[in-house]
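K.L.:
Residues per chain, in single letters:
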Amino acid sequence: MGNPKTIIEKIWEKHVVHSEEGKPDLIYIDQHLVHEVTSPQAFEGLRLNNRKVRRPDLTYATMDHNVPTKNRDVVKDEISRKQMETLRKNCEDFGIKLADMFHPDQGIVHVIGPQLGLTQPGKTIVCGDSHTSTHGAFGALAFGIGTSEVEHVLATQTLMQERPKTLNVKVEGDLGPGVTAKDLILAIISKFGVRFGTGYVMEYTGEAIHKLPMEGRMTICNMSIEGGARAGLISPDETTVEYLRGREYVPEGEAFEKKAEEWLALATDDGAVYDRTVVIDASEVEPQVSWGTNPSMCVPVGGNTPSLDEVEHKEDVQRALEYMGLQENQPITSIEVDHVFIGSCTNSRLRDLQKAAEIINGRKVKSGVKAIVVPGSFSVKLEAEKLGLDEIFKEAGFEWRDSGCSMCLGMNDDIVPAGGRCASTSNRNFEGRQGNGARTHLVSPEMAAAAAVEGHFVDVRKFKSGVLN
Amino acid sequence: MEAIKEHKGLVFPLNRTNVDTDQIIPKQFLKRIERTGFGQFVFYNWRFDDSGNKREDFDLNKTQFEGASILLAGENFGCGSSREHAPWALLDYGFKVIIAPSFADIFYSNALKNGIILIKMEESQIMEWMKQAEDGTFHLSVNLKKQEIQDEEGKVVDFDIPSYHKEKLLNGWDDIALTLLLEDKIQAYEKA
Ligand code: SF4
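From first to last, the protein sequence lines are chains A and B.
Under my numbering, the first residue of the first sequence is numbered 1, with each subsequent residue one higher.
Under my numbering, the first residue of the second sequence is numbered 1, with each subsequent residue one higher.
Keep in mind the hints are simulated off the structure, nothing from the lab.
Don't be surprised by glycine CBs; every beta carbon is placed ideally from N, CA and C.
Don't take every hint at face value.
Partner residues aside, some chain B positions facing chain A, computed with beta carbon under 8 Å [unchecked claim]:
hint : residue
1    : 22
2    : 31
3    : 69
4    : 180
Build out the structure end to end from the sequences listed, making use of the hints.
P.N.:
Right under this line is the structure:
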């Protein structure tokens, strides 16, 4: 036995193809996920240079960002259609598997990877999308890349990368009842800021993390990038193994058991040293609501927007409040919403929809609120329908849509109008993210559901305890 | 990627922190399948109002900043999505150098691959330049080889840049071509 190591070091070392003093390492990529928005220029680059895709077998494509979530057959937007057709042609020409708009495996790229079992512990996974960090929930080293890097991986199946520093995000204690993984990650980013992870790969550790189901772990790792880290991961354990058992792209029988053993051995060794550690107490976390224009600008639902006298970057806070149409020191529960979006790669898996449906069940969406549910994948949609969740949502006044990125970034028709205010289960509350002039408040699926019913933010724990009904 | 050794240009001060890639280029412009022509959309929602008219209150629209090619910004520039459309838009608009206290990781590597010189600099120095640059007449000369920035009065400030990144910019290297030279290593890895 050598020195104790973190899972990050173990995965890195296994993937170094070439290393030279003073240069970034060349690392091998086990799984490349591709979508329509960040790939066209990469394929064009291959063509111009007469290059092939080195490992089409390690590449998998889907359409998610642009796809309509109702009336699939009509893509009204000419340019969107062209982008999707381009992906179809590229996949045909280069021999890449594609789950297109009508394919049963279609969905948001970060939802279908795990669902198909393409995402596995120990793999290096990349995609031209910053929320690739999601796959880290399985103990994979997964990170977003730009289009030039997409081209690099297509051509060589490798990437030039600086060896990352390691950051332990240590979660002590337990989450309280009614407090979710989304609240935890928002609280982490609010506590440590939007760039504490820059230059690092994060590992989330602690019992509270390992008690979470895979869906919660994905929500957490998904938002690593909002804390500045390209990748965030969680050491695999039995929960990871059981989630993957029986999925399409994992081995079966004996071979699976052998794999599982290898996976579990990847977990960070006792006594391994990180470059940096930050600590948060889970028991102090409360349901969160973002009030500003980056994900660190959030507070517990019982709190207020900041007072300008008490903040460090006063101009930034003032700008954010202005954009959001809020006053300083305003109670969060006084903020009224006119849109509710349950979806995105952060919170659109079956469990997320179940949790929201529990709140919605038997209640009605407040009049004047437009509420939509967009399942993360076609298969999530089908499973939810089998459980009758679609009926619960529709009954309450939600629209039940087809899968895709949808209102998370509004590249299709699902846009929040200027001045509109949305309780959203997505990951970014940047200016204009959900539509030019749109105001986004990031929350958990449960909190979004509660806001849909009340028409303003409310502590979902009050619903559960029967104080509100 | 074109090699770049030095650059002299007009400075535009963008005194904001955490400028994310949704601000640099909003999503409605990500639908194109080309690498070029994104400059017209840079900082779109700040430069144009809802009806597509130029906004008077955004400095980049003022005539004195026409032709600006060096961008000064606050910390964590380029955070958010991995869209390479952000550096494409900045470069196409004419920005060759960006100076900020810190950059987001993915943006940094995307910009580097497109030959934009990214310089990390002390916030206090940047704030000093921000002031000087307010009226749209302030120029800086960046010498990558010497790792020096000079103002018009001859005052020189040094900067750090990882040596590999510097070499890459100076030579205009194409990463894919370099990696393909290591084909035997990749094959050996795949066989192991
Ligand atoms: S759901 Fe949103 S954050 Fe996730 S991949 Fe799609 S656009 Fe990106």
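K.L.:
Now tell me, hint by hint, if it's right for this structure.
P.N.:
Evaluation of the provided hints:
1. A least Cβ separation of about 4 Å between residue 22 of chain B and chain A falls short of the 8 Å threshold, and the interface hint therefore holds.
2. The closest approach between the C-beta of residue 31 of chain B and any C-beta of chain A is roughly 4 Å, which is under the 8 Å cut-off, so the hint is satisfied.
3. At about 22 Å, the closest approach between the beta carbon of residue 69 of chain B and any beta carbon in chain A exceeds 8 Å, and the interface hint on this residue is violated.
4. Hint on residue 180 of chain B holds. Least Cβ distance to chain A is approximately 6 Å, under the 8 Å limit.
Hint check: a violation occurs at hint 3 only; the rest are consistent with the structure.
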